[in-house]
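Build out the structure end to end from the sequences listed, making use of the hints.
Here is how the chains run, residue by residue.
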Amino acid sequence: MASVTQVQARRTSSHRKRKLLDQLIAYSFIAPNFIGFAVFTLVPLVFALALSFMNWDGANSISFAGLDNFRRLFRDKVFIKALINTLVYTAATVPLTLVASLALALLLNSRIFARNFFRTVSFFPYVASLVAVAAVWNMLFSPSMGPVNMLLSKVFKVSAEDLPRWAADKDWAMTTVVMFSIWKYMGYYMVIFLAGLQNTNPELYEAAALDGANPQQKFWHVTLPQLRPTTFFVLMMLIITSFKVYDIIYNITQGGPGNATMVLVYYIYNTAFVSWDLGYASAISMVLFLLVLGITLLQFRGERHFDDI
Amino acid sequence: MTHANALASRRSTKYWLLKGLTYLILALLTLLPFVWMLSASLKLNKDVFTFPIDWIPDQPRWANYSEIWTTIPLGLFIANTAKLSVIVTCLQLLTSSFGAYAFAKLHFKGRKVLFTTYVSTIAVPWQAYMVPQFIMMRSFHLNNTHLAIICLQAFSAFGVFMMRQFYLSIPDELCEAARIDGMSQYGIWARIMLPLSKPALSTLTIFTFVATWNDFLGPMIYLTETRLKTIQIGLRMFITQYSTEYGLIMAASVVALIPVLIIFLSLQKYFVQGIATAGLKG
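Residue numbers (the numbering used here), protein chains in the order written: chain V, 1 to 309; chain X, 310 to 591.
By construction, these hints were calculated from the structure, which means they are not laboratory data. Where a beta carbon is used, it is the ideal one built from N, C-alpha and C, also for glycine. Heads up, a few of these hints could be off.
[To be verified] Take a look, some chain X residues computed to stay more than 12 angstroms from chain V by CB distance:
#1 His-450
#2 Gln-474
#3 Ala-487
#4 Ile-501
#5 Ser-511
[To be verified] Covered stretches of chain V, going by a simulated chain X footprint (3 or more residues, C-beta under 8 angstroms):
#6 41-50
#7 132-140
#8 188-197
#9 245-256
#10 271-285
If you want it as structure tokens, here you go:
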């Protein structure tokens, strides 16, 4: 009898050991990524929240600021300008890129000559290095000698004082940035729309054709409703990337002229790495975080909605 | 009947013309800046802005392409970028596919909590915590080292998420059968999961490589010494310093574009598939 319980006990203990080992093996798979992820993402994330309630220049001693940094946001004209500019940039870029990429996808989804060539070409601006294409853009739109203004003045006879000064003019700088952004990113979203179009139901088009629908009617009543989840996804992606815009601004206008194209991330960068006002920079970061969080929550709700259908 | 046919054919001609025209505009819009860039890279500064545009210069100035290598350390910049992109991509593939295997196929305590943490951080913009991240790296004395960029890019939650989604589509029975045959979990990962997940690995490779190659803000914050700079911020520095050397700037820009274009053209299929299915990276 005694030996039976001993064997049982030995069995459960070896079973337990086995289970423990399985757990350890599982953790060993996650550990390499998790350690890096925890140290370089999770810790800074928590640190960012804490820092927004502090005053610190990164060198001298740190002090508690309470809500001062957040109160400062409401009085800071540059911050308000940056917030408005970010929203304006988003409001202009998002719908225009959406329409452009959808149009491009519809065009390149139909049976046409050299379709793959055109698909590849329209993807070029997206993969091309931003610094390089921004340099070209700045030369093309150079106010005094750029080919665009030359074309406007020599061919379209726009008088010299009416010529837009593009990135150098506070009223045109945002337009210049938005145009560049659409040009650079429409190819990317086109690919997502193309994938969406691939999933549309061909039977519905046959039914519409039998009912005598013309191409416009087919687009509005068959294609567009089927593309709704894709469109929603692209919309959310576009809004989030627009909130985070920085490199385009830096390479086209450097936030200027004046603060005409100052956006949130640009202001975070300047506050942190030029003025070394780290607590305040973190408070601005929290505003960016909340904006993106809001859109993400909206996206989760929307996706659940589309899954239900 | 004939009337209707004539009407239809007239409409189709009009439709065809309209379509052709749209194509032409499209091709011009996307390609012209690149053509102009190429053409300007072969010109003297004074000829870059002549109007009407001289698309093919009479005497192409190939010297621009030899001068840029000595005016700026372009070779060094490219070598730095290639080194970073390759290391980051390898680490990313390794740690992501490793971690994803546990999330997809193994049972352990805290799996749900850990996975939720991973997924929810994908939505947090990096720009919101880049400041404390820099402070932390600086305290490790990692600012102005390539290691900082590697640490920054190599452990993404997105990679784990993407690989996990792919692994979920591989049947559990396959792993169980291998277990019964006495294969260890590491063996299953290496000999079953990795070979089966080639499409997902290719997608992750291109995304990570292009993202690291074209990254701007990260290197700009961390790499202030010229000898460490990547092609993006190196090119930017050149543009700021020599703002009127138009021909040279365009030549350097063409050189900066070429590696990514080659990668893109050779792996285009995976790239497009990646964006279409899992490629939801912002």
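Status of each hint after checking the structure:
1. Every Cβ of chain V is farther than 12 angstroms from the Cβ of His-450 of chain X; the closest lies at roughly 14 angstroms, confirming the non-interface assignment.
2. Under the 12 angstroms C-beta cut-off, the non-interface status given to Gln-474 of chain X relative to chain V holds; the minimum distance is some 14 angstroms.
3. Residue-level check passed: Ala-487 of chain X sits 14 angstroms from the nearest beta carbon of chain V, beyond 12 angstroms.
4. Even its closest Cβ contact with chain V, about 14 angstroms, leaves Ile-501 of chain X beyond 12 angstroms, as expected for a residue assigned away from the interface.
5. Once the 12 angstroms rule is applied to beta carbons, Ser-511 of chain X is consistent with being away from chain V; the minimum gap is 16 angstroms.
6. Counting residues of the stretch 41-50 of chain V whose CB lies closer than 8 angstroms to any CB of chain X gives 7, which reaches the minimum of 3, so the coverage claim holds.
7. Residue count for the stretch 132-140 of chain V with a Cβ under 8 angstroms from a Cβ of chain X: 7. That meets the three needed, and the coverage hint holds.
8. With 5 residues bearing a CB less than 8 angstroms from a CB of chain X, the stretch 188-197 of chain V meets the requirement of three and the coverage assertion stands.
9. A stretch counts as covered by a chain when three or more of its residues have a beta carbon under 8 angstroms from one of that chain; for the stretch 245-256 of chain V and chain X the count is 4, and the coverage holds.
10. Check on the stretch 271-285 of chain V: 6 of its residues sit with their Cβ under 8 angstroms from a Cβ of chain X, so the three-residue criterion for coverage holds.
Checked against the numbered hints given earlier, this structure breaks none of them.
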